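> Here is how the chains run, residue by residue.
Protein chains: 2
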Amino acid sequence: MGKDKVSFTLKTPKGTKDWAGADALLRDRIFNTITEVFKRHGATSLDTPVFELREILAGKYGEDSKLIYDLQDQGGEICSLRYDLTVPFARWLAMNPNIRSIKRYHIAKVYRRDQPAMTKGRMREFYQCDFDMAGANFDPMVPDAEVLRIATEVFEGLGWNGSYTIKINHRKILDGIFEVCGVPKEKIRTISSAVDKLDKSPWADVRREMVEEKGLDGAVADKIETYVVRKGGRELLESLMTDETLVANASAKAGLEDMALLMDYLEAFDVLKKISFDMSLARGLDYYTGVIYEVVTEGSAPVAATPTTEEAQKLQKKSKSKSKKDDDDRSDDPSVGVGSVAAGGRYDELVGMFSNRAQIPCVGISFGVDRIFSITKARMEQENSNNKKVTEVDVYVMAFGGKGFTGLLKERMDVARRLWDAGVKVEFSYKRKPKPMQQFEAAEANDVPFAVILGEDELAAGQVRVKEMGLEKGHPEKDGVLVNLTSLAEEVKARLERKRSAAAATNAGEGKDETVIEKGVEGLVVKGE
Amino acid sequence: MGKDKVSFTLKTPKGTKDWAGADALLRDRIFNTITEVFKRHGATSLDTPVFELREILAGKYGEDSKLIYDLQDQGGEICSLRYDLTVPFARWLAMNPNIRSIKRYHIAKVYRRDQPAMTKGRMREFYQCDFDMAGANFDPMVPDAEVLRIATEVFEGLGWNGSYTIKINHRKILDGIFEVCGVPKEKIRTISSAVDKLDKSPWADVRREMVEEKGLDGAVADKIETYVVRKGGRELLESLMTDETLVANASAKAGLEDMALLMDYLEAFDVLKKISFDMSLARGLDYYTGVIYEVVTEGSAPVAATPTTEEAQKLQKKSKSKSKKDDDDRSDDPSVGVGSVAAGGRYDELVGMFSNRAQIPCVGISFGVDRIFSITKARMEQENSNNKKVTEVDVYVMAFGGKGFTGLLKERMDVARRLWDAGVKVEFSYKRKPKPMQQFEAAEANDVPFAVILGEDELAAGQVRVKEMGLEKGHPEKDGVLVNLTSLAEEVKARLERKRSAAAATNAGEGKDETVIEKGVEGLVVKGE
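Here the protein sequences come in this chain order: U and A.
Anchor point for the first sequence: position 137 equals 137 in our numbering, and the numbering is continuous, going up by one each time.
Anchor point for the second sequence: position 269 equals 269 in our numbering, and the numbering is continuous, going up by one each time.
Hints were generated in silico from the structure; no laboratory data involved.
Remember, it's a predicted structure, so these values are computed and weren't measured experimentally.
Among the hints, erroneous ones may be present.
No distinction is drawn between identical chains; accordingly, a pair holds when it is met within one copy or between any pair of copies.
Calculated cross-link-like contacts (lysine to any residue; reagent style SDA-like; alpha-carbon spacing at most 20 angstroms) [to be verified]:
(1) 14 x 489
(2) 499 x 469
(3) 467 x 436
(4) 14 x 77
(5) 274 x 468
So here's chain U without its partners, still in its complex pose:
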């Protein structure tokens, strides 16, 4: 310890982490699955700077604006790190008013100065994968339905096999309910925020917030309760449509009509079965104007939605007695769930906040990759997947020799070069005279399928030995086969291809989990690859 040169703790900033090894590989596979779905729906990629002029972010996030990270004023423009990918997309649309129709995706990190719960994927720096559609002339609910279809394709592609629910609601229905119940206009947004907590807190707590903190008439709160505790499918919608008081309200009526159309389209897309029309869903952000949704799964909700006072005290004590390093991490707090794994909605007026001329209606969804990663990883660990492969190397080039062995370094380099030239993924030992066992162990540690073995006598005859790793004793090719250097690349590529086809056939024969989105699943099922 005393010898170390640094006097500060060697760590990443609070709420951030490094991604390496198997975690980085799994995360990349999740990205690939999601990107593939986005492209299947015709999306193009957009990338914006990690920071924006501070004015761009101002007034977009309601109460959450306090979580925005600011850059220091070092002379010049005043900037902040982006809080989401939606506002930068809207800013880009406002700057490009000639674009009247686009589907874009964006995979990037966003920044929120919140209290982290790291193992639950609640971070200060975290990835979002966003898909959004902007269209000046799209007919109602058609793009909205496709966005929800995309949500199902992503989660099926990830192999979740139906174990998720898409909660939907509509801002106009909510606003209509608040009006009908008698909430004063200026209190609608704040009462809406209170309602949104119903996934974490019981009605009694939410009512207390409305009445005691926000000064709402208790009778009004009780009326609200009769609506917002309801959830269901088409039958709930039909029942609301017979509620004469509600339908008499213009906002509620428009929302209900939208919802009826949406359900129709979701049926055509085979998505309706995954939907829960949840009247308590309100979403915190200011900019939504129509349909809103959240995808939840097991673990999204807190373990203990309402800890008793005793439990809460214990928890606080436990948190305080923990080491300094993670005293601010809420991973062990049962009142913190993973939260939603994807969320979004319609925001028809956000672009207009930047430029009236560029005004364009939008709808989109954001996938929370860190949370999706946590859940997918836990599932894979349950399935006891024990893949050790973190690289994709095809061939390990090695050399053996007896007394006076030189190591054949330049010869190994030459062979590696021949294979790289042909696009084969190759490694070799960076020792001049590596030991045979070291070379075999290095190949086995990474599950490299083939070895190319150099010996002085064979080389003199222009040959090397190609050996498939892991063949059983007695296999005719257990000791490898001699191949001419001139045809080595061709021979190795043919063997790799054969091995891949055989593996694919075996997987198919074993009747592995196959979902609709074959390629996505293949990307994710590490076991047996």
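Keeping the supplied structure of chain U fixed, place chain A upon it in accordance with the hints.
Just chain A now, kept in the frame of chain U:
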């Protein structure tokens, strides 16, 4: 203008930009080519936070530290945006002392508060693609040679076809020269920085800096000149090795021996032909300890290395008369070149700056994607590539009908769903009753290869029409073929596959540019795809 709601300029922060459309697509292809090369050499992915504790970055970048972006102190830790990907990699190695050997790649944005020259790819926020190897027990120069091999594979993969040079030098040779010439020890780094400017400025200017600004004895500067103006290959190395004064210096001797070994290995890797041993190459960063290199190409150097006073005045005037928007951009300044497109070297002591225990020797290279992008794009524009495709959509689902036509929206949705289920990339109009021409134009605008056309009568018989776009008049399938809905997905996939194979065969037959790294080129040559 008066109607717009925002009072500030709608823009991205200075020195940053959005990536969209064809640019984003080309950039992604460059990423893919580079990633493929990195993986071919067994690299795994590492991702670190965009900001680090400020102490981590302190004392690593010499004079350039003033360019670091700081986050505002909002309570809690003091952080800065990363300046490169090398220091975060070293910090990660120091935090993981059990890792004694790794090849990692990292593609991400880095941040420098420099004066931008946007069209030349000199930005404040820009991408780096880094490959680095850390190894406790690697033998000398073996990994260094592989890193330079990777450089050639990347540029060949990008289709640059040899039009680049790898300048190499060695810190120990440079230090030896400075010692031999009589530079005082405390002036070695600052004199080294002056030498590094020889790619942009003539010797007279560099000498002036050394003598007048940095107080070096003129006679010492003149001795330095005899060395640093030299460049060449093996013959230069051999000539230096006969320089008895130089070889008597321990540092120079060690550097020259390294260089001889490196050239040997580069020959085995078929890279030597791309190398220029350039004794003026010094690299600014403090942390290099051994071999250093930069990859340059046409456009790397300034157009006018030394503008006359008159030219300089004109330039300044021109710059001042430009619109406010880009008055700080140096894109038009002929004294600013694109700079190097990749650079790196050996840094054996950087990890030890964080933790003695984790000390591990490293070597790596960083590719400047924004500059590579600018050059690749310019080349493609010269080649008059006119590809309009920015999405990869396979099929556009459309509907036609006569009087009383309903638009068949839900039917189009159902057909799209069937194709998405099979992994086919599909779009359709978001209008309830789209006009035939609108639908055809939307498909043509994106070069979509197939249309699936719905008509009420065919649908009643359980059929739709599959039509390949762009067939000539008189082609037997010009009007498409009728296909049963139940076998639609299968039929479309077979046709897509056939079309792809045919296109590949045509390209091969035409004898298109083919370099060693076939797949990379295929990814980049947009023309004819």
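> Which of the stated hints cannot be reconciled with the structure, identified by number in ascending sequence?
1, 5
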